[in-house]
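Enquirer: Each chain is listed here by its residues.
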Amino acid sequence: MTIRLPVAIAVALLAPIGVATLGVLAVAAGERAGATPFAGLVPRNSAEAAGLGRAAELLRFLKEGQDPRAVYPVRPEILSSAILRATTVEAAMWSRQVEMIKLLERQGAIDGSEERKTLACLAADLKIDDVVEHLAPDGLSGCEPGQALARVTARTSSVEYTR
Amino acid sequence: MTQVAAVEAAATVDRRAVWVSYGYALVAGLAMGHFLLGLPIQLTDSFGNMLKLSGSWGELLYGEFTQNAYLRPLLWANLKLVYDLSGGDYFTWFRGVHVIQLLMLVVLYVALVRPRTLLDAAVVPFGLAVLFGMHTFAGTIREAFPINTHMTILILCFGAAIVALGRYHWWNDPVAMMLFVVASLTVETGLLIWVIFVGAALVGARGTSRAGLAGLLVLLAGYFYIRFALFDVGSPGLVERSSGFGFGVLDPDDLVARFGDNPAWFYLYNVVTSALSVLLSEPTAGVFRVTSAVLEGDVDVAMMLNLIATASVTAVICVFAWRRRGAWISRRFDRDDRLVALFVMVLIANAVISYPYTKDVIMSPAGAFFAVAGFVALRNLLHALPDRLAPGMAATAVAAALIVSGTWAVRVIGTHLNLRTGAYVERNEWVYAESSLADEGVVLTESDRQLMRQLRDDAIFVHPPPPPLEPPLRALLGSE
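Protein chains in written order, with the working numbering: chain A, 1 to 163; chain B, 164 to 643.
No wet-lab data here; the hints were simulated from the structure. Be aware that one or more of the hints could be misleading.
Only some residues are given here: those of chain B computed to face chain A with a beta carbon under 8 Å [to be verified]:
{"hint": "1", "residue": "H546"}
{"hint": "2", "residue": "L548"}
{"hint": "3", "residue": "D550"}
{"hint": "4", "residue": "L552"}
{"hint": "5", "residue": "G569"}
{"hint": "6", "residue": "A572"}
{"hint": "7", "residue": "H579"}
{"hint": "8", "residue": "V594"}
{"hint": "9", "residue": "P629"}
{"hint": "10", "residue": "P631"}
Distance ranges between label pairs, derived from CB positions [as the list claims (entries may be wrong)]:
{"hint": "11", "chain 1": "B", "residue 1": "L431", "chain 2": "A", "residue 2": "R4", "range": "44 to 50 Å"}
{"hint": "12", "chain 1": "A", "residue 1": "R69", "chain 2": "B", "residue 2": "S217", "range": "37 to 43 Å"}
{"hint": "13", "chain 1": "B", "residue 1": "S217", "chain 2": "A", "residue 2": "D111", "range": "38 to 44 Å"}
{"hint": "14", "chain 1": "B", "residue 1": "L431", "chain 2": "A", "residue 2": "D130", "range": "41 to 47 Å"}
{"hint": "15", "chain 1": "B", "residue 1": "D395", "chain 2": "A", "residue 2": "D129", "range": "51 to 57 Å"}
{"hint": "16", "chain 1": "A", "residue 1": "R69", "chain 2": "B", "residue 2": "R616", "range": "21 to 27 Å"}
{"hint": "17", "chain 1": "B", "residue 1": "L189", "chain 2": "A", "residue 2": "I3", "range": "28 to 34 Å"}
{"hint": "18", "chain 1": "A", "residue 1": "I3", "chain 2": "B", "residue 2": "G367", "range": "33 to 39 Å"}
{"hint": "19", "chain 1": "B", "residue 1": "Y225", "chain 2": "A", "residue 2": "L22", "range": "49 to 55 Å"}
{"hint": "20", "chain 1": "B", "residue 1": "R616", "chain 2": "A", "residue 2": "D130", "range": "24 to 30 Å"}
{"hint": "21", "chain 1": "A", "residue 1": "A26", "chain 2": "B", "residue 2": "A392", "range": "54 to 60 Å"}
None of the values given here were measured: they were computed from a predicted structure. C-beta atoms are modelled at their ideal positions from N, C-alpha and C, and glycine is treated no differently.
Using the sequences provided together with the hints, build the complete structure.
Expert: Structure follows, in structure tokens:
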């Protein structure tokens with residue numbers, strides 16, 4: 001049996017677009033059914049949302065009652081393979097968005113000058129100048145370079161890591 | 164058409180092809196509708212408009228007839244109607260209207276191109292891919308104000324073409340006039356309705372009578388009288404907004420400095436580049452991005468795919484025109500000829516309307532008719548092909564079809580991915596709404612603030628963000 005040329009060309013025109021449409025349809029149907037096909041990283045807690053810079057999801061987790069100062073597990077691909085536990089505010093540093101820090105501040109996640117200082121030191125270790133400027137507008141003092149970051153990293157290997 | 168010819172034409176239509184085509188169009192439309200529902204009502208472009216809608220009908224319409232530069236009262240009437248009908252459930256109504264509009268568009272597309280055989284039906288997905296994948300289409304789905312006006316115009320344009328190319332009924336004339344009034348008072352590209360009816364008549368379509376066409380001419384004159392003499396609305400000047408030029412975008416101040424004395428050359432540039440952007444996807448929004456990338460040796464694959472995709476459809480349309488030149492010269496037009504001729508007329512008129520500034524979405528009617536003409540040209544080419552060719556030539560033809568179809572498949576996936584990226588971007592804007600409005604010095608009343616909180620909560624909590632998509636080859640597929 002031989003295939004007519006117009007039919008062969010029609011099939012060639014149909015095939016890639018048909019596959020693309022099926023793919024889009026599968027994603028749409030999957031999502032309607034509650035699955036997340038082809039989804040990138042979907043944050044599982046407020047720390048992961050903050051680390052990924054997903055402000056809307058962060059707010060949703062906080063509204064659901066998650067504590068921005070509690071330590072949460074964070075998957076290695078989100079912050080660093082060396083940092084698997086962090087508070088939401090700490091994780092937010094890795095988003096490198098000063099807006100995210102301000103948002104958490106408005107949510108009452110940063111409490112008191114000592115905490116601001118600690119976070120400013122962490123921002124300095126990560127070289128996020130606008131966050132440093134925001135958290136320590138009068139300049140940094142008392143930061144040991146690398147210490148704040150080391151404290152967060154140490155938590156990963158620590159047995160006790162909750163609040 | 165004589166009765167015998169009508170019966171013959173009907174007899175050659177394979178009903179399976181018709182059902183399959185409409186079915187596919189609806190499924191593709193529903194899949195995109197799912198992605199449209201992922202978008203929240205926007206902070207930018209929508210929140211400010213919705214604040215304006217809380218006023219009375221009288222104030223709203225009076226204000227729109229008497230403002231400067233734009234005459235779009237029915238755009239606002241449309242928004243106000245849905246706003247009032249929603250009873251406060253804004254997300255469901257405004258996003259729902261967008262999905263319904265999309266479904267109407269795909270149904271009208273199939274009605275316009277009329278697939279008659281299973282071979283035609285096999286080309287429908289390609290035609291819809293061109294419709295969805297054109298860069299001019301992106302603005303009709305990615306944004307809303309909170310109804311997308313440009314999508315409204317696409318629907319009215321396809322509706323007008325169906326009436327203009329169809330059989331004459333007494334009601335066609337009033338329908339034509341109503342379509343023109345609604346479209347032209349919605350946004351300036353609505354004037355294309357006039358071009359469609361008159362253009363169709365020029366190539367022998369008899370959907371509207373001479374009296375109907377005369378009525379449309381009177382309405383067009385009335386439009387210009389209202390716009391320029393009665394309300395002195397005028398037209399947008401150089402200071403209205405930024406516009407692409409050459410390899411970059413010029414701000415209004417730059418535009419005035421460069422073309423203030425004689426803007427004619429700038430307007431001509433806009434007209435020519437607007438038309439080229441539909442035929443080649445280069446330039447886009449007045450900026451020669453691919454050319455610039457080539458000159459700098461920084462071309463990426465996605466850019467080239469866009470160029471290949473659009474240029475190949477243009478080439479197929481040119482082949483169609485060349486093959487039909489004899490019939491056209493002797494003024495023997497069939498429906499497919501008329502559809503291609505309408506594309507050319509809409510393209511030219513749409514480009515002329517775009518003279519003040521270039522923006523991809525303004526060319527969306529021409530882009531939509533490009534998808535119609537592309538389908539028609541391709542269907543004719545398929546039917547004209549011999550059943551057999553030398554194996555080498557046949558393999559080359561099939562490979563070319565696969566490549567072209569592949570480029571459009573990439574563009575369609577990109578359209579969906581960009582909608583999902585948009586869902587993320589728009590929601591993030593809502594997170595920072597209060598602080599960003601305060602930074603801009605916007606003062607809100609208590610009721611304004613209440614509306615803002617409702618829309619923000621809708622965007623973030625009630626309709627939570629769908630997950631971003633990271634399919635294989637993400638960088639190739641999405642441009643945003």
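Enquirer: Now look at each hint and say whether the structure bears it out.
Expert: Status of the hints after comparison with the structure:
no. : hint                          : result
1   : H546                          : 7 Å, holds
2   : L548                          : 5 Å, holds
3   : D550                          : 5 Å, holds
4   : L552                          : 6 Å, holds
5   : G569                          : 4 Å, holds
6   : A572                          : 4 Å, holds
7   : H579                          : 5 Å, holds
8   : V594                          : 4 Å, holds
9   : P629                          : 6 Å, holds
10  : P631                          : 5 Å, holds
11  : L431(B) - R4(A): 44 to 50 Å   : 48 Å, holds
12  : R69(A) - S217(B): 37 to 43 Å  : 40 Å, holds
13  : S217(B) - D111(A): 38 to 44 Å : 39 Å, holds
14  : L431(B) - D130(A): 41 to 47 Å : 45 Å, holds
15  : D395(B) - D129(A): 51 to 57 Å : 52 Å, holds
16  : R69(A) - R616(B): 21 to 27 Å  : 26 Å, holds
17  : L189(B) - I3(A): 28 to 34 Å   : 29 Å, holds
18  : I3(A) - G367(B): 33 to 39 Å   : 37 Å, holds
19  : Y225(B) - L22(A): 49 to 55 Å  : 51 Å, holds
20  : R616(B) - D130(A): 24 to 30 Å : 28 Å, holds
21  : A26(A) - A392(B): 54 to 60 Å  : 56 Å, holds
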